[in-house]
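Let the sequences and hints guide you as you build the complete structure.
There are 2 protein chains.
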Amino acid sequence: MNTTELYQQYKEQTQKAADLQYASAVLGWDQEVYMPQKGFGARGRQLATLATLAHEMVTSGTYGDLLRELSQRNDLNDEQQNNIRLSLEDYEKNAKLPTEFVDKITQQTSASYDAWLRARKENDYSIYAPELEKMIALKKQQAELYGYKEHPYDALLDEYEKGATVSLLDGVFEKVKAELPGLLKKIANAPQVDASFFHQEFLKDAQWNFSLDVLRQMGYDFEAGRQDISEHPFTTSFAATDVRVTTRVNEQDYTSLLWSSIHEGGHALYEQGLPESQYGLPLGAAASLAVHESQSRLWENCVGRSLDFWTFFYPKLKTYFPQQLEKTSVQDFYKGMNQVKSSLIRTEADEITYHFHVLIRYEIEKALIGGTLSPKDLKETWNDYYEKYLGVRPNDDKHGVLQDVHWCHGSFGYFPTYSLGSFYAAQYFGQAANVIPSLHEEIKNGVTGNLLHWLRENIHQYGRRYTSEELCKKVTGKGLDFSVFMNYLQQKYSGIYAIG
Amino acid sequence: MNTTELYQQYKEQTQKAADLQYASAVLGWDQEVYMPQKGFGARGRQLATLATLAHEMVTSGTYGDLLRELSQRNDLNDEQQNNIRLSLEDYEKNAKLPTEFVDKITQQTSASYDAWLRARKENDYSIYAPELEKMIALKKQQAELYGYKEHPYDALLDEYEKGATVSLLDGVFEKVKAELPGLLKKIANAPQVDASFFHQEFLKDAQWNFSLDVLRQMGYDFEAGRQDISEHPFTTSFAATDVRVTTRVNEQDYTSLLWSSIHEGGHALYEQGLPESQYGLPLGAAASLAVHESQSRLWENCVGRSLDFWTFFYPKLKTYFPQQLEKTSVQDFYKGMNQVKSSLIRTEADEITYHFHVLIRYEIEKALIGGTLSPKDLKETWNDYYEKYLGVRPNDDKHGVLQDVHWCHGSFGYFPTYSLGSFYAAQYFGQAANVIPSLHEEIKNGVTGNLLHWLRENIHQYGRRYTSEELCKKVTGKGLDFSVFMNYLQQKYSGIYAIG
Numbered sequence: 115m116n117t118t119e120l121y122q123q124y125k126e127q128t129q130k131a132a133d134l135q136y137a138s139a140v141l142g143w144d145q146e147v148y149m150p151q152k153g154f155g156a157r158g159r160q161l162a163t164l165a166t167l168a169h170e171m172v173t174s175g176t177y178g179d180l181l182r183e184l185s186q187r188n189d190l191n192d193e194q195q196n197n198i199r200l201s202l203e204d205y206e207k208n209a210k211l212p213t214e215f216v217d218k219i220t221q222q223t224s225a226s227y228d229a230w231l232r233a234r235k236e237n238d239y240s241i242y243a244p245e246l247e248k249m250i251a252l253k254k255q256q257a258e259l260y261g262y263k264e265h266p267y268d269a270l271l272d273e274y275e276k277g278a279t280v281s282l283l284d285g286v287f288e289k290v291k292a293e294l295p296g297l298l299k300k301i302a303n304a305p306q307v308d309a310s311f312f313h314q315e316f317l318k319d320a321q322w323n324f325s326l327d328v329l330r331q332m333g334y335d336f337e338a339g340r341q342d343i344s345e346h347p348f349t350t351s352f353a354a355t356d357v358r359v360t361t362r363v364n365e366q367d368y369t370s371l372l373w374s375s376i377h378e379g380g381h382a383l384y385e386q387g388l389p390e391s392q393y394g395l396p397l398g399a400a401a402s403l404a405v406h407e408s409q410s411r412l413w414e415n416c417v418g419r420s421l422d423f424w425t426f427f428y429p430k431l432k433t434y435f436p437q438q439l440e441k442t443s444v445q446d447f448y449k450g451m452n453q454v455k456s457s458l459i460r461t462e463a464d465e466i467t468y469h470f471h472v473l474i475r476y477e478i479e480k481a482l483i484g485g486t487l488s489p490k491d492l493k494e495t496w497n498d499y500y501e502k503y504l505g506v507r508p509n510d511d512k513h514g515v516l517q518d519v520h521w522c523h524g525s526f527g528y529f530p531t532y533s534l535g536s537f538y539a540a541q542y543f544g545q546a547a548n549v550i551p552s553l554h555e556e557i558k559n560g561v562t563g564n565l566l567h568w569l570r571e572n573i574h575q576y577g578r579r580y581t582s583e584e585l586c587k588k589v590t591g592k593g594l595d596f597s598v599f600m601n602y603l604q605q606k607y608s609g610i611y612a613i614g
Numbered sequence: 115m116n117t118t119e120l121y122q123q124y125k126e127q128t129q130k131a132a133d134l135q136y137a138s139a140v141l142g143w144d145q146e147v148y149m150p151q152k153g154f155g156a157r158g159r160q161l162a163t164l165a166t167l168a169h170e171m172v173t174s175g176t177y178g179d180l181l182r183e184l185s186q187r188n189d190l191n192d193e194q195q196n197n198i199r200l201s202l203e204d205y206e207k208n209a210k211l212p213t214e215f216v217d218k219i220t221q222q223t224s225a226s227y228d229a230w231l232r233a234r235k236e237n238d239y240s241i242y243a244p245e246l247e248k249m250i251a252l253k254k255q256q257a258e259l260y261g262y263k264e265h266p267y268d269a270l271l272d273e274y275e276k277g278a279t280v281s282l283l284d285g286v287f288e289k290v291k292a293e294l295p296g297l298l299k300k301i302a303n304a305p306q307v308d309a310s311f312f313h314q315e316f317l318k319d320a321q322w323n324f325s326l327d328v329l330r331q332m333g334y335d336f337e338a339g340r341q342d343i344s345e346h347p348f349t350t351s352f353a354a355t356d357v358r359v360t361t362r363v364n365e366q367d368y369t370s371l372l373w374s375s376i377h378e379g380g381h382a383l384y385e386q387g388l389p390e391s392q393y394g395l396p397l398g399a400a401a402s403l404a405v406h407e408s409q410s411r412l413w414e415n416c417v418g419r420s421l422d423f424w425t426f427f428y429p430k431l432k433t434y435f436p437q438q439l440e441k442t443s444v445q446d447f448y449k450g451m452n453q454v455k456s457s458l459i460r461t462e463a464d465e466i467t468y469h470f471h472v473l474i475r476y477e478i479e480k481a482l483i484g485g486t487l488s489p490k491d492l493k494e495t496w497n498d499y500y501e502k503y504l505g506v507r508p509n510d511d512k513h514g515v516l517q518d519v520h521w522c523h524g525s526f527g528y529f530p531t532y533s534l535g536s537f538y539a540a541q542y543f544g545q546a547a548n549v550i551p552s553l554h555e556e557i558k559n560g561v562t563g564n565l566l567h568w569l570r571e572n573i574h575q576y577g578r579r580y581t582s583e584e585l586c587k588k589v590t591g592k593g594l595d596f597s598v599f600m601n602y603l604q605q606k607y608s609g610i611y612a613i614g
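Residue numbers (the working numbering), protein chains in the order written: chain A, 115 to 614; chain B, 115 to 614.
Read the hints as simulated data drawn from the structure, not as lab findings. Worth double-checking, as some hints may not be accurate.
If several chains are the same, the list does not tell them apart, and a pair holds so long as it fits within one copy or across any two.
Simulated crosslink set (DSSO-like; lysine-lysine; CA at most 30 Å straight-line) [stated by the list, open to error]: (1) K512 to K318; (2) K455 to K441; (3) K248 to K606; (4) K207 to K300; (5) K558 to K588; (6) K430 to K493; (7) K449 to K210; (8) K130 to K207; (9) K490 to K152; (10) K130 to K248; (11) K592 to K263; (12) K210 to K130; (13) K152 to K125; (14) K441 to K502; (15) K490 to K300; (16) K318 to K430; (17) K300 to K430; (18) K207 to K235; (19) K449 to K430; (20) K318 to K432.
Bear in mind the structure is a predicted one, so any value in this text is a computation, not a measurement.
If you want it as structure tokens, here you go:
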């Protein structure tokens, strides 16, 4: 068969599996957003069937043969070569996991999630610990099945962030530990900023409508997406032409909705910017979790928590909440949203302390998978780490070790991408500002079209063609560089906290 | 392999196909209710993939072998026997259609729908006619593939209503033609009722909230369903534990929302009442379209357009719309909602003239499939029939031959089930009133729990075990009996129009 026909076969089979995965995503979205309570049982089996079928398609022997055959052809064009290279990589990784093992993990996920929900309800880690222990045993096994050079955790990290390893991340987090505390100390010693105005009555509809205004202005295409309410904000994609975000509203706390909207909006702009022609193929998918997070953090933090951005938006926000914000200047509003304060909950942390939350999870995962920490000692270790790094100690498990859902899903190796994403975000935003000299002026005028265009051209259009590091080098001339993030923080917070 | 194991295999395979069909239903619901505009393309291919996979599963040779093998076993219990009997029937019917033919119909559906939308926009039937012609050619071919005894249309009717034939329906519609005009004439000569109060400003939220009150009171389980807005109201099921309804709101016309809510609520009560343990199997599915329609019409017309029902609900409705309904008594409200008036649009027709709309479509389908009417003459024929049977002639195609979507989908044989459903509804409601002597009193007090219980026990719980006719005989002691419907109308309208 000639290469064109063979490639067409590959494309059809891969996109068919993607159809099932996207269909799962629709069912998952509905489950979080609109599904009635009693729908859970049937939905669970429908999702399992879709997942099994999609998995069968992309792990079948004939699919593997097709990929291997195509990878030998020398008349593929560049785009085809990249898709085949990446699909073959995925295939070989998937092929290392026997079906029975995948089934076991799936069942354990369900059991873990159940136990975690019960444990949260009872505020008692010990209910969850036995299931976590079983999950960790499986993840260790998975690491062995994948194989690794230095540390078993490397094998798991690689699943979320290709090329990430313990030795690389140890280096990154060493810098976090070395450089952030100094800045935090300076901030702690400076006059504090006031954020109490965020805690007034902010009516839901007005919050909602303003968040739609902001998403629209950012360039989020509402003809190719929508925003809804869910318990935990998330972004999901059913194609580049249908990318949805969710948010949550708290009428007594204005910080809850807006930045989660902007954050998810950043993720969604990335998904909407992936090439439509590559639907379901590697070049139509996001580069990595860290790159995904770089997009959400760039919009949330570099743009959405900047004075430039609010120079344009604050007068508009005041038309929604004239009384609540009557006595708050745009400067005070900006300072308040950037208040730095150690806290127990990762998702509520500021841009600086956030990375200690991630660091703690990273250290714990490394130790759990490396076998130097037992799940039964986890709670104490967690609490000790919070005291050591953030100076706060959880009083209960819900505000401590039970706060994240990730481990229930078997997602060990996911957390570090949150920090990597922030660091890349600072580098990308810095580079954009170099290339677009009027960027800050534009943002002051509510114009982010050039920024989005630059992200589309330099990041979004490539899909998975480059790894995070390759992409960062291509775009900024260097790989991950913590110093750029550090400079960004120094500059931002010296303005906010009047420190030297 | 022993029968238990073999049956377990059957169950797994059948339910897996059902998982895909229900997943399609979720995607379809989302498409009608929440999907953004640009999502159509990708959604189309996702739905096609799901449909193809489900079709492959239930038409595969091994599945057929399994069914045939099981149908020979004599140690199946009653429930198992019925499932195997019905699945084998489905299998044999499906097996008559070659895959290429199914693909052709699917493509033609898409082309027809496109053309129909354009034709409606331009209000010009001629844009749609060529595609309809192609669809009819395919449907004739389908009838030949299925095979039939007397009339090719029989083969298509059977798909929607097992056992329905031209000779049977000719008999039914003869009665419609013979008996309804007399009643209509009496009504036309009586003093007319006023329905103008329905056309005031009725705020959306209040209409919406009242419809939720009504659905709740009917026994619709909101933990196993929800109501949303769509252009055309519909009911869809993803399992008996997740059955959703949609409705539409017109602030200038109160009749638009409420009865469509009750109608869809009737469909949904049926789906919620199907046995959960039979998920995805024939005994977990509705008996037929006519039985489905009997449930929606029973609630919409026999209950929802009765004076008993409004004796309870009208005071509640008045709390939502005190000004609009200030001068309207419950009797006048009841009369207004039952106004009889010839009209052009089927979905807006009253309980009597409705059946002429169906009759017209039945006559036309029979002639199109029988080859005695050509699509190019369809518009004239349609308009002539409307003049003949309803005394009104469409001025344009949107209010005439382009009003229904059914033919785009290739649904020839569907319309008659609407009338059959109404006739069965009168029989079932009459039987319920016989068995529950206090039924009318109960409804006057807003109590429909006993009615629902009776429907659950006598109709819902059986799934597809009985055909419409078998079920009707079992429940009422007789098969379809137009005279019961006729008596119901006589009694109802003699009260409303003060005729003898």
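Consistency of the hints with the structure:
1. K512 to K318: within (26 Å within a copy, 41 Å between copies)
2. K455 to K441: Within one copy only: 23 Å inside, 63 Å across.
3. K248 to K606: neither (44 Å within a copy, 67 Å between copies)
4. K207 to K300: Cα proximity of K207 and K300: none, with 47 Å in one copy and 78 Å across.
5. K558 to K588: within (28 Å within a copy, 75 Å between copies)
6. K430 to K493: neither (45 Å within a copy, 55 Å between copies)
7. K449 to K210: The answer is neither: 50 Å in one copy and 72 Å across copies each exceed 30 Å.
8. K130 to K207: Both, since 20 Å and 27 Å are each at most 30 Å.
9. K490 to K152: neither (34 Å within a copy, 50 Å between copies)
10. K130 to K248: Result: close only across copies, 29 Å inter versus 34 Å intra.
11. K592 to K263: Classified as within; 25 Å inside a copy, 78 Å across copies.
12. K210 to K130: This pair counts as both: shortest intra-copy Cα distance 22 Å, inter-copy 26 Å.
13. K152 to K125: between (38 Å within a copy, 22 Å between copies)
14. K441 to K502: This pair counts as neither: shortest intra-copy Cα distance 38 Å, inter-copy 74 Å.
15. K490 to K300: For K490 and K300, neither the intra-copy (37 Å) nor the inter-copy (84 Å) Cα distance is at most 30 Å.
16. K318 to K430: Result: close both inside a copy and across copies, 16 Å intra and 28 Å inter.
17. K300 to K430: Neither, since 34 Å and 64 Å both go past 30 Å.
18. K207 to K235: For K207 and K235, the Cα distance exceeds 30 Å both inside one copy (37 Å) and across copies (51 Å).
19. K449 to K430: Intra 18 Å, inter 52 Å, cutoff 30 Å: intra-copy only.
20. K318 to K432: both (15 Å within a copy, 29 Å between copies)
The structure does not agree with the numbered hints 3, 4, 6, 7, 9, 14, 15, 17, 18 stated previously, though it agrees with the rest.
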